[in-house]
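Asks: Please construct the entire structure, taking both the sequences and the accompanying hints into account.
Below, each chain spelled out in residue letters.
Protein chains: 2
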Amino acid sequence: MTSASAPRLEFWYEFASTYSYLSAMRIEALAAAAGVTIVWKPVLLGPIFRAQGWDTSPFNIYPAKGKYMVRDMERLAAARGLPFKLPSPFPQNSLHAARLALIGRTEGWGPAFTRAVYEAEFAGGANISERRVLGGILKRLGLDSEALLARSEAPDNKQRLRQQTEEAQELGIFGAPTFLAKGELFWGDDRLEQALAAAGK
Amino acid sequence: MTSASAPRLEFWYEFASTYSYLSAMRIEALAAAAGVTIVWKPVLLGPIFRAQGWDTSPFNIYPAKGKYMVRDMERLAAARGLPFKLPSPFPQNSLHAARLALIGRTEGWGPAFTRAVYEAEFAGGANISERRVLGGILKRLGLDSEALLARSEAPDNKQRLRQQTEEAQELGIFGAPTFLAKGELFWGDDRLEQALAAAGK
Numbered sequence: 572m573t574s575a576s577a578p579r580l581e582f583w584y585e586f587a588s589t590y591s592y593l594s595a596m597r598i599e600a601l602a603a604a605a606g607v608t609i610v611w612k613p614v615l616l617g618p619i620f621r622a623q624g625w626d627t628s629p630f631n632i633y634p635a636k637g638k639y640m641v642r643d644m645e646r647l648a649a650a651r652g653l654p655f656k657l658p659s660p661f662p663q664n665s666l667h668a669a670r671l672a673l674i675g676r677t678e679g680w681g682p683a684f685t686r687a688v689y690e691a692e693f694a695g696g697a698n699i700s701e702r703r704v705l706g707g708i709l710k711r712l713g714l715d716s717e718a719l720l721a722r723s724e725a726p727d728n729k730q731r732l733r734q735q736t737e738e739a740q741e742l743g744i745f746g747a748p749t750f751l752a753k754g755e756l757f758w759g760d761d762r763l764e765q766a767l768a769a770a771g772k
Numbered sequence: 572m573t574s575a576s577a578p579r580l581e582f583w584y585e586f587a588s589t590y591s592y593l594s595a596m597r598i599e600a601l602a603a604a605a606g607v608t609i610v611w612k613p614v615l616l617g618p619i620f621r622a623q624g625w626d627t628s629p630f631n632i633y634p635a636k637g638k639y640m641v642r643d644m645e646r647l648a649a650a651r652g653l654p655f656k657l658p659s660p661f662p663q664n665s666l667h668a669a670r671l672a673l674i675g676r677t678e679g680w681g682p683a684f685t686r687a688v689y690e691a692e693f694a695g696g697a698n699i700s701e702r703r704v705l706g707g708i709l710k711r712l713g714l715d716s717e718a719l720l721a722r723s724e725a726p727d728n729k730q731r732l733r734q735q736t737e738e739a740q741e742l743g744i745f746g747a748p749t750f751l752a753k754g755e756l757f758w759g760d761d762r763l764e765q766a767l768a769a770a771g772k
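Protein sequence lines correspond, in order, to chains A and B. Here my numbering runs 571 ahead of the position in the first sequence, where the first position is 1. Here my numbering runs 571 ahead of the position in the second sequence, where the first position is 1.
In short, the hints are calculated from the structure, not lab data. Any given hint might turn out to be false.
In the PhoX-like style, the derived pairs of lysine-lysine whose C-alpha atoms are separated by at most 20 angstroms in a straight line are [what the hints assert, rightly or not]: (1) K753(A) x K753(B); (2) K729(B) x K753(B); (3) K772(B) x K753(B); (4) K753(B) x K638(A); (5) K656(A) x K636(A); (6) K656(B) x K636(A); (7) K753(A) x K729(A); (8) K753(A) x K772(A); (9) K656(B) x K636(B).
Take a look, some chain A residues computed to stay more than 10 angstroms from chain B by CB distance [what the hints assert, rightly or not]: (10) E599; (11) A604; (12) T608; (13) V610; (14) R642; (15) M644; (16) P660; (17) E690; (18) N698; (19) E701; (20) E724; (21) L756; (22) G759.
Restraint-style ranges between C-beta atoms, simulated for each label pair [stated by the list, open to error]: (23) R733(B) x E724(A): 54 to 64 angstroms; (24) R597(B) x G606(A): 51 to 61 angstroms; (25) K638(A) x V610(B): 19 to 29 angstroms; (26) G652(B) x E764(A): 45 to 55 angstroms; (27) R579(A) x R642(B): 12 to 22 angstroms; (28) N698(B) x R702(A): 51 to 61 angstroms; (29) A650(B) x E737(A): 27 to 37 angstroms; (30) W625(B) x P618(A): 14 to 24 angstroms; (31) R651(B) x P618(A): 50 to 60 angstroms; (32) E737(A) x R722(B): 48 to 58 angstroms; (33) A721(B) x P654(A): 54 to 64 angstroms.
As the structure is a prediction and not an experimental result, all values here were calculated from the model. Where a beta carbon is used, it is the ideal one built from N, C-alpha and C, also for glycine.
Replies: Below is the structure:
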């Protein structure tokens with residue numbers, strides 16, 4: 572199978588998103604089993620939410636929905652053997668993590684970095700907006716944290732993330748995780764299996 | 572197993588809700604296989620949505636989400652061999668159908684009536700706010716449609732539906748379908764299997 576014809580699935584995720592955490596932790600094993608290549612696409616939901624009149628997560632705007640989400644996450648995480656604790660504040664500011672993940676995607680350490688950030692945030696209770704937290708994660712991956720933090724703030728990298736977020740809006744993405752297979756959107760960790768099947772068809 | 576100890580699951584549904592249609596069509600077979608008794612609870616989401624500042628379905632307020640929902644429903648319905656077409660107008664006014672379903676729950680024809688209403692609405696393109704449509708469904712079930720339509724408008728029955736909707740709000744229900752098993756909420760057709768497992772434990 573050539574690379575051009577290999578089935579691929581875009582994984583659009585937001586570091587502040589609880590359900591994106593669930594997908595990030597399992598997507599590589601499922602994709603390998605399905606013979607599908609994953610394209611990791613970090614995105615910021617903030618601008619997308621603001622465009623529809625929200626100034627924070629819908630789980631904060633609608634308390635009944637937020638309370639339910641925590642319980643739903645607790646049950647799903649427990650069933651998968653994952654720790655879960657809602658971080659404080661919620662949602663976390665994911666800007667710096669997303670900028671770093673964009674570099675990691677090009678350089679091959681994006682998936683490992685992404686999972687480590689999610690674990691720090693939703694299992695470890697760390698604040699992922701902090702340079703110290705992100706720098707520690709990069710170091711543990713054997714990377715040059717100072718250089719990467721500096722590069723992530725370069726104008727061209729900032730611009731790449733803005734473009735990626737605009738691309739998400741143009742695709743009609745309104746939440747995370749969202750999977751894109753052959754031009755079709757699949758929203759939510761609940762749709763990961765269906766999206767992989769669509770990509771592989 | 573005595574009736575007191577028989578596992579039970581409350582199925583809170585809204586006649587205007589697309590995903591409630593999916594659950595209504597499959598819940599009895601799944602519940603029978605799991606040995607769980609279903610308690611059918613028709614509810615109006617209108618007052619619940621208005622309490623959080625919405626004057627229509629979130630699928631109308633947020634067009635990207637609405638467009639996605641239709642595609643998601645098309646895929647799920649196709650996979651299950653169900654027809655699906657978004658009715659016009661959407662959402663339908665479900666007040667009269669819900670009042671009738673409350674009577675049907677007491678008299679034993681609630682599940683059959685509920686499925687017939689969903690089929691008329693989402694497969695047949697009928698407007699379920701019309702007495703003519705609801706009366707036709709009642710007749711086809713061998714029921715006295717004129718008497719039932721009149722009884723459904725009696726003050727005590729109207730009050731029962733208001734009370735049931737208030738009960739939903741007190742439970743923290745914010746969307747449909749929602750399943751209640753042993754005091755825990757499970758939201759969405761995607762959680763039906765999990766809810767049945769929780770009820771049967």
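Asks: Any hints this thing doesn't respect? Which numbers, in order?
Replies: 1, 2, 6, 7, 14, 21, 22, 24, 26 and 31
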